[in-house]
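In case it helps, my numbering puts the sequence shown at residues 272 to 634.
One thing to keep in mind: the hints can contain errors.
The calculated DSS-like cross-link candidates involving lysine-lysine, where the alpha carbons are at most 27 Å apart (straight line), are [stated by the list, open to error]:
1) 402 with 364
2) 599 with 364
3) 599 with 473
4) 364 with 473
No lab work stands behind these hints, which were simulated from the structure alone.
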Amino acid sequence: MVQADPVIQCQYLFRSDGKQDRWIGGSVAQITGKQGQFLNRNGRGVGYWFHCTQIKRLPYSRQVSPPVNILRMRSWSTICSPRNLCIGGSMNKKTILITGCSTGVGRDLAVRLAQAGHQVIATARNPDSLKELPVACRLALDVTDQLSVDRAIEAAVAACGPIDVLVSNAGYAIRAAVEEIDDALAKAMFEVNVWGALRVCKAVLPAMRVRGQGRIVHVGSVVGRFSFPLNGAYAASKHALEALADSMRVELQGFGIPVVLIEPGTINTHFMASSKSIGAIISGNTDSPYAALYREFDLIAAEPAFRGAPAGQVSRIIQKAVEARRPKSRYLAAVSPLYRLVLSLGDGGRDFLARRAFRIRKK
Numbered sequence: 272m273v274q275a276d277p278v279i280q281c282q283y284l285f286r287s288d289g290k291q292d293r294w295i296g297g298s299v300a301q302i303t304g305k306q307g308q309f310l311n312r313n314g315r316g317v318g319y320w321f322h323c324t325q326i327k328r329l330p331y332s333r334q335v336s337p338p339v340n341i342l343r344m345r346s347w348s349t350i351c352s353p354r355n356l357c358i359g360g361s362m363n364k365k366t367i368l369i370t371g372c373s374t375g376v377g378r379d380l381a382v383r384l385a386q387a388g389h390q391v392i393a394t395a396r397n398p399d400s401l402k403e404l405p406v407a408c409r410l411a412l413d414v415t416d417q418l419s420v421d422r423a424i425e426a427a428v429a430a431c432g433p434i435d436v437l438v439s440n441a442g443y444a445i446r447a448a449v450e451e452i453d454d455a456l457a458k459a460m461f462e463v464n465v466w467g468a469l470r471v472c473k474a475v476l477p478a479m480r481v482r483g484q485g486r487i488v489h490v491g492s493v494v495g496r497f498s499f500p501l502n503g504a505y506a507a508s509k510h511a512l513e514a515l516a517d518s519m520r521v522e523l524q525g526f527g528i529p530v531v532l533i534e535p536g537t538i539n540t541h542f543m544a545s546s547k548s549i550g551a552i553i554s555g556n557t558d559s560p561y562a563a564l565y566r567e568f569d570l571i572a573a574e575p576a577f578r579g580a581p582a583g584q585v586s587r588i589i590q591k592a593v594e595a596r597r598p599k600s601r602y603l604a605a606v607s608p609l610y611r612l613v614l615s616l617g618d619g620g621r622d623f624l625a626r627r628a629f630r631i632r633k634k
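Take the sequences, apply the hints, and build the full model.
In structure tokens:
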């Protein structure tokens, strides 16, 4: 960085968020050829990067307007794309660690972020499943094993440098009536969906706190807000993740670490296939008092409306949460109109829809 000549002035510049802002001065610039990047602190003391391709030197006291007399701007979409945008003094190329990249959303997200110019660390329990991913680093990481988590984080930092963003994506579902939930299966699911997510967060947070920057993105589910028959255990794990994310979001604000929760609807991936297979095993028990519910669930799951959205619809939303300068606390992703309706209803309305869907006669 070099100190900019104070006579490089203009009244307006395009801000990194696409809006205009008044130039106040005190600029720091790095000029390469005809490209300039300026850090301006506006009247609220907020730093913004500005971009131009041509700079005109003007008398210090001269008032200049409009900006076209000073700068020949590139298109905003080119200059302020995630690859080119300057934030906080460095190119907005992030080092991103993603869990659960063997299939589905995690795999699609790893490819998408790598293509956007980010340094992606893809992880999965079986690293052989990651061989074809065009990413910077592929690592074995079992979120249920503390030693595996520690080794993976250490290897990731050694290979790619400090982790800027953690996308906690690993998870799976079991389907059963609450009375018939197998304790061992439920505990194993919570170990991945809840404790595994927390385990990886705790491994990356100390370094993020020291640096005063970072980002945690949890991939939850829309059923973290409500549940329906045969989904109690899985929904409970996502409710738990929502609670952890809510607490972390406020706890980490003082350290400059945003915490984001992604709430997808039904996704057409291997995740759904594996959860159905577990449900199918249980539904084969014709002696179950809930056998009719299991049969209805299988019929509902086969309906075209419930096949789910492509993984890319969810990974696009996650990419937005990763790259946003000020991310929202929650993002709905691939949520169907039916789910949006359910979210808008009270308990009575939700129960009514569930009874209709599963053909349950209230007694």
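How the hints compare with the structure:
| no. | hint | in the structure |
| --- | --- | --- |
| 1 | 402 with 364 | holds (23 Å) |
| 2 | 599 with 364 | holds (20 Å) |
| 3 | 599 with 473 | holds (22 Å) |
| 4 | 364 with 473 | holds (23 Å) |
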